[in-house]
Amino acid sequence: MRKRTRGIALASLASLAALVGYDVSQRRKPILRNFPVIGHFRYLLEAFGPELRQYIVTSNNEERPFSRDQRRWIKTSSEGKPNVFGFGTDDEVESVDSLVIIKHSPFPAPAPGDGEPGGAPDFEVPAAKTLGAAHGRKHAFRPASVVNISGMSFGALSPPAVEALNRGAAIAGCLHNTGEGGIAPYHRHGGELIFQIGTGYFACRDEAGRFSMERLLETVEGAPVRAIEIKLSQGAKPGLGGLLPAAKVTPEIAECRGVPVGVDCVSPPSHSAFSDVDGLIEFIEQVAGATGLPVGIKSAVGELEFWVSLAERMSASGGGPDFITIDGGEGGTGAAPLAFADHVALPFKIGFAIVYATFARAGLAEEVVFIGAGRLGFPDAALFAAALGCDMFNVGREAMMSIGCIQA
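For what it's worth, the numbering used here labels the leading residue of the sequence shown as 283, then goes sequentially.
Keep in mind the hints are simulated off the structure, nothing from the lab. Remember, predicted model here, so these are calculated numbers, not experimental data. Among the clues, some could well be false.
[What the hints assert, rightly or not] Using C-beta positions, here's what the derived DEER-type ranges look like: (1) LEU326 / ARG470: 41 to 49 Å; (2) ALA669 / VAL375: 17 to 25 Å; (3) ALA529 / SER377: 43 to 51 Å; (4) GLU376 / ILE632: 18 to 26 Å; (5) ASP488 / PRO441: 22 to 30 Å; (6) ASP624 / VAL543: 31 to 39 Å; (7) LEU298 / ARG470: 52 to 60 Å.
[What the hints assert, rightly or not] When the alpha-carbon atoms are kept at most 30 Å apart in a straight line, the in silico DSS-like pairs for lysine-lysine are as follows: (8) LYS357 / LYS385; (9) LYS385 / LYS631; (10) LYS411 / LYS385; (11) LYS631 / LYS357; (12) LYS385 / LYS363; (13) LYS631 / LYS411.
Heads up, the beta-carbon is just placed ideally off N, CA and C, and yes, glycines get one too.
Modelling step: build the complete structure from the supplied sequences, incorporating the hints.
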C-alpha cells in the first residue's frame with residue numbers, strides 16, 4: 283500500500299515538474315511563464331468567467347446584451363408560464379437616463395378577451411398598414427402580427443433551430459425571415475416567410491454568383507414566401523459582408539444556397555446587381571414586378587445622405603421599397619469584429635428617428651411600412667419604437683433564447 287501511495291506521489295511530482303518545465307519554456311502565454319502551474323487556474327477561471335458572472339456575480343440588470351431579468355422574461359413567456367416579478371423594480375428609476383417610462387391612463391381600456399386582437403389564445407396584433415398596397419403590388423397583404431422573426435440563416439442556425447422557429451411562427455401567426463442563406467426544408471413547417479436577398483444572392487444566383495431572376499422565381503414559387511427583403515447591411519457589422527467557413531458548407535447547405543460543397547461561402551460587402559440609389563429602386567421594381575410580392579430593404583443607419591437621396595428618388599419615381607427594416611447598431615450577429623459591433627452604425631433609437639423623419643418630410647411616411655430591429659423584443663422597447671414610428675418589430679436573439687440559446 284505504501285509503495286502504491288509512494289508511486290502515485292512520485293508520478294504526481296513528475297507530472298508537476300513536467301508541467302512547470304513546459305510552462306517556463308513555452309513562449310505563447312506570458313502568464314504561464316511568470317506563474318507556472320497556478321497560471322492555469324487563471325485561464326480556467328477565464329474560460330468559466332461568463333457563466334460565473336451570468337449566474338452568480340452580476341445583478342438582475344447588469345448582464346449585456348440581455349440582463350438576467352430579460353432572459354427570465356423570455357424564458358417564462360416562451361414556456362407559457364406567468365412572466366411576473368415580485369417585490370417591484372430592480373431599476374434605479376430616478377437615475378437611469380435611458381429608462382422608458384410609460385404614461386398610464388387613470389381610465390384604462392378593457393383587457394382584450396379570448397379571440398380578440400391581443401387576447402388569448404392567439405395573441406395576434408395585426409399590422410396597421412398593408413405591405414405593398416402603396417405601390418400596387420399584386421400580392422400585397424396585411425401582416426397578421428406586428429412582431430415577427432428576424433433574418434437568421436440556415437447554416438448559421440442548426441436545422442432543429444430553424445425548424446423550431448418556423449413552427450413557432452406558425453403558432454404565433456407571425457412572419458419568419460429566412461436570412462440570406464436560402465430556403466431549407468426546415469423553413470417549411472407552417473410559418474410564412476420573408477425571403478431575404480443578400481449580397482451573395484444565395485438561392486437566387488447563377489453559376490457565376492450573379493443575381494438570377496429565374497432562380498429567384500423558382501425559389502419563391504416553391505415556398506410560402508409573402509415578401510422579399512433586400513439586405514443592404516445589418517447593425518452588428520454593416521459594410522463588412524460575411525463568411526460561412528468551408529467546413530460548415532455541407533451538401534444540404536450548399537444545395538439551399540446554390541454554392542459548391544466544402545468551399546468558403548462568401549457574402550461580399552456590397553451588391554453587384556446595383557451600385558446606387560437609382561439602381562436599387564430599379565432592382566426593387568424588377569423583383570416586385572416579376573414576383574408580384576412586396577419588396578423591402580434592410581439596413582443599418584450610417585451615411586445619412588443615402589436616406590435623403592432614397593426619399594427624394596422615391597418621390598420622383600413613384601417606386602421603391604414597400605417596407606424598410608432599420609437594424610440598430612446594437613443588433614445581433616453570429617460573428618463580427620468588435621470594432622464593428624461596438625462602433626459602426628447608429629443605435630436604433632437615433633438611426634430610426636432620423637430615417638423616419640427624412641421620409642416624413644418627403645411625405646412618404648404613410649406609404650412605407652417601417653420595421654424596427656435591435657433588442658426590441660420587450661414590451662417597453664417595442665412601445666418606444668412604435669412611438670418613434672415603427673409599424674412592426676423583428677426579434678432575433680429573443681427568439682433564439684426562447685428555443686434554448688443561453689447567451690454564453
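> CA of LYS385 to CA of LYS631, is that 30 Å or under?
Replying inline: holds (19 Å)
> Does LYS385 lie within 30 Å of LYS357 when you go C-alpha to C-alpha?
Replying inline: holds (27 Å)
>> Given the hinted pair LYS385 and LYS363, is their Cα-Cα distance within 30 Å?
In response: Satisfied, since the Cα-Cα distance of roughly 27 Å is no more than 30 Å.
> Does 31 to 39 Å hold as the CB distance between ASP624 and VAL543, or does it fail?
Replying inline: Given about 35 Å between the Cβ atoms, the range holds.
> Should the hint that ALA669 and VAL375 are 17 to 25 Å apart at their CB atoms be regarded as holding?
Replying inline: For VAL375 against ALA669, whose Cβ atoms are near 19 Å apart, the range 17 to 25 Å holds.
> LYS411 and LYS385: Cα distance at most 30 Å?
Replying inline: Holds: LYS411 and LYS385 sit about 25 Å apart, inside 30 Å.
> Per the hint of 52 to 60 Å, is the separation of the Cβ atoms of LEU298 and ARG470 within bounds?
Replying inline: holds (58 Å)
> For the pair ALA529 and SER377, does the Cβ-Cβ distance stay inside 43 to 51 Å?
Replying inline: holds (48 Å)
>> For LYS631 and LYS357, compute the direct alpha-carbon distance and say whether it is at most 30 Å.
In response: Holds. LYS631 to LYS357 sits at ~26 Å (cutoff 30 Å).
>> Taking 22 to 30 Å as the stated bounds, is the beta-carbon spacing between ASP488 and PRO441 within them?
In response: holds (27 Å)
>> Given the hint of 18 to 26 Å, is the C-beta distance from GLU376 to ILE632 inside that range or not?
In response: holds (24 Å)
> In this structure, is the beta-carbon distance linking LEU326 and ARG470 contained in 41 to 49 Å?
Replying inline: Holds - the Cβ-Cβ distance for LEU326 and ARG470, about 44 Å, lies within 41 to 49 Å.
Consistency note: the structure conflicts with none of the earlier hints.
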